[in-house]
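Listed below, chain by chain, are the residues.
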Amino acid sequence: MGPVGRTLLPVLAAALFFGCRGAAAGRAQQGPDAADVLARMHMLDQMVISAAELAPDRSGRDEVLAYAERLQRDHTFADHQVASVARRLGIHLEAAVSRMKQAMTHVQNGPASPAGARKGRSRSPGRQLEAMARLEARVEHLKQVRGSAFDDAFVQTMLAAHEMAVRSLSAAEPGVEAAPLRRLLSRMIPILEQHVALARSLQEQLRS
Amino acid sequence: MDGRRRPRWVELVAEGILVGFLAGALMALVAMIRSAAVGLGFWLPMKLISGLYFGVDTLLGGAPAVVLGIGTHLLVACFWGIVFALVTRGRLLLPFGFAAGLAYGAAVWAIMTYLVLPWADPTMLARANVAMNWFFFYHLVFGITLGLGSSLAGRHSFALRQAPAPA
Numbered sequence: 001m002g003p004v005g006r007t008l009l010p011v012l013a014a015a016l017f018f019g020c021r022g023a024a025a026g027r028a029q030q031g032p033d034a035a036d037v038l039a040r041m042h043m044l045d046q047m048v049i050s051a052a053e054l055a056p057d058r059s060g061r062d063e064v065l066a067y068a069e070r071l072q073r074d075h076t077f078a079d080h081q082v083a084s085v086a087r088r089l090g091i092h093l094e095a096a097v098s099r100m101k102q103a104m105t106h107v108q109n110g111p112a113s114p115a116g117a118r119k120g121r122s123r124s125p126g127r128q129l130e131a132m133a134r135l136e137a138r139v140e141h142l143k144q145v146r147g148s149a150f151d152d153a154f155v156q157t158m159l160a161a162h163e164m165a166v167r168s169l170s171a172a173e174p175g176v177e178a179a180p181l182r183r184l185l186s187r188m189i190p191i192l193e194q195h196v197a198l199a200r201s202l203q204e205q206l207r208s
Numbered sequence: 001m002d003g004r005r006r007p008r009w010v011e012l013v014a015e016g017i018l019v020g021f022l023a024g025a026l027m028a029l030v031a032m033i034r035s036a037a038v039g040l041g042f043w044l045p046m047k048l049i050s051g052l053y054f055g056v057d058t059l060l061g062g063a064p065a066v067v068l069g070i071g072t073h074l075l076v077a078c079f080w081g082i083v084f085a086l087v088t089r090g091r092l093l094l095p096f097g098f099a100a101g102l103a104y105g106a107a108v109w110a111i112m113t114y115l116v117l118p119w120a121d122p123t124m125l126a127r128a129n130v131a132m133n134w135f136f137f138y139h140l141v142f143g144i145t146l147g148l149g150s151s152l153a154g155r156h157s158f159a160l161r162q163a164p165a166p167a
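Chains as they are written, first to last, in the working numbering: chain A, 1 to 208; chain B, 1 to 167.
Just chain A, with the same shape it has in the complex (with noise of 0.2 Å):
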């Protein structure tokens, strides 16, 4: 290697160690993606959906019906409107949720988010990963009982799926750049909310 190649290779390597640490940067401080944020949103509403549709058969109770029904037509409704602005987006929502699901698989199998933490990212979406992957267990778990098990199971979970999208979206929504992904959540976000409201105010009705 000549004197002009022991110059230039250290100045190429010093070149690519700060290239490469400058993107992962540039990464880090970009917005969520806007595919991840709508599986996520596709995700919950079918998790939702499959829980409420298990209440006319397994719960007596009127108030947990009607709560059923109401989630059951506001996550359908909500659903149409995340699949309308993937396809604005030019994003295929399920690919995004086969992602997703596989890295829910890899979640429950291993430590919570090696590959984010190895990057230096913030280690919540492994553990808003796990969180869906328990909450889902939950609403497996909602197909074994029946009368107040189930009520009590469901209320619980439900409340427990709301408060996560209401952290997780409310935590996204200021970094996401499209604006009709933005202005979904927005619309979206106080919606889930009220879900949030009526399962605390069922849970009181329960527990009395």
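Everything labelled a hint here was simulated from the structure, so no lab data went into it. Heads up, the beta-carbon is just placed ideally off N, CA and C, and yes, glycines get one too. Treat the hints with caution; some may be incorrect.
[Stated by the list, open to error] Partial chain A-side listing against chain B, Cβ under 10 Å, derived: (1) ARG70; (2) THR76; (3) ILE191; (4) GLN194.
[Unchecked claim] Some residues of chain A that are not near chain B, with every Cβ distance over 12 Å (derived): (5) ALA35; (6) GLN46; (7) GLU53; (8) ARG87; (9) LEU89; (10) SER98; (11) THR105; (12) ALA133; (13) GLU136; (14) ARG146; (15) PRO174; (16) GLU177.
[Claimed, not checked] Between beta-carbon pairs, the in silico distance windows are: (17) LEU152/B - GLN46/A: 45 to 55 Å; (18) LEU29/B - ARG146/A: 38 to 48 Å; (19) GLY147/A - ILE111/B: 40 to 50 Å; (20) ARG183/A - LEU93/B: 37 to 47 Å; (21) ARG88/A - GLY39/B: 18 to 28 Å; (22) GLU140/A - TYR53/B: 32 to 42 Å; (23) PHE136/B - ARG207/A: 33 to 43 Å; (24) ARG207/A - PRO118/B: 29 to 39 Å; (25) SER170/A - LEU115/B: 19 to 29 Å; (26) MET132/B - GLN102/A: 36 to 46 Å.
Use these hints to put chain B onto chain A, whose structure you have.
Frame of chain A; chain B shown alone:
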């Protein structure tokens, strides 16, 4: 002088109540049909109006929430009908009735959305925000019906006032 007697305020109030009631009923029907069409439920708009009394729990309300919602909606519609009749004094010709109704509907929408609902019924406002263009459209339906109805009612009562007294 066209020999036309100025309507008494009692007549205007009666006209406002009648036309406001009809316009409110049509507005409610349009809102409920659209709500049912998108899968949110036929009675949801009326339940949301009851959010004024029950807060967010109105979403799980049954018949009482619906009945109270219908009653409140029609009462408010009659109020806006009376205001419209008193402002226009029953003198609107048909094309002006349409235009005035359109503008009045938009004004009622603005007042309800920005001044009344934020403190009276946030539950409803959150839902209205999801489809604000439709919420605006319902108020235009109300205003146009009010304007056209007032023009027709004004013409009818004018004809009655012109008719010779029965022997």
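Consistency of the hints with the structure:
{"no.": "1", "hint": "ARG70", "verdict": "holds, 5 Å"}
{"no.": "2", "hint": "THR76", "verdict": "holds, 6 Å"}
{"no.": "3", "hint": "ILE191", "verdict": "holds, 6 Å"}
{"no.": "4", "hint": "GLN194", "verdict": "holds, 5 Å"}
{"no.": "5", "hint": "ALA35", "verdict": "holds, 23 Å"}
{"no.": "6", "hint": "GLN46", "verdict": "holds, 15 Å"}
{"no.": "7", "hint": "GLU53", "verdict": "holds, 14 Å"}
{"no.": "8", "hint": "ARG87", "verdict": "holds, 17 Å"}
{"no.": "9", "hint": "LEU89", "verdict": "holds, 19 Å"}
{"no.": "10", "hint": "SER98", "verdict": "holds, 26 Å"}
{"no.": "11", "hint": "THR105", "verdict": "holds, 32 Å"}
{"no.": "12", "hint": "ALA133", "verdict": "holds, 29 Å"}
{"no.": "13", "hint": "GLU136", "verdict": "holds, 24 Å"}
{"no.": "14", "hint": "ARG146", "verdict": "holds, 21 Å"}
{"no.": "15", "hint": "PRO174", "verdict": "holds, 18 Å"}
{"no.": "16", "hint": "GLU177", "verdict": "holds, 21 Å"}
{"no.": "17", "hint": "LEU152/B - GLN46/A: 45 to 55 Å", "verdict": "holds, 51 Å"}
{"no.": "18", "hint": "LEU29/B - ARG146/A: 38 to 48 Å", "verdict": "holds, 40 Å"}
{"no.": "19", "hint": "GLY147/A - ILE111/B: 40 to 50 Å", "verdict": "holds, 48 Å"}
{"no.": "20", "hint": "ARG183/A - LEU93/B: 37 to 47 Å", "verdict": "holds, 41 Å"}
{"no.": "21", "hint": "ARG88/A - GLY39/B: 18 to 28 Å", "verdict": "holds, 20 Å"}
{"no.": "22", "hint": "GLU140/A - TYR53/B: 32 to 42 Å", "verdict": "holds, 39 Å"}
{"no.": "23", "hint": "PHE136/B - ARG207/A: 33 to 43 Å", "verdict": "holds, 42 Å"}
{"no.": "24", "hint": "ARG207/A - PRO118/B: 29 to 39 Å", "verdict": "holds, 32 Å"}
{"no.": "25", "hint": "SER170/A - LEU115/B: 19 to 29 Å", "verdict": "holds, 27 Å"}
{"no.": "26", "hint": "MET132/B - GLN102/A: 36 to 46 Å", "verdict": "holds, 38 Å"}
The earlier numbered hints are all upheld by this structure, with none contradicted.
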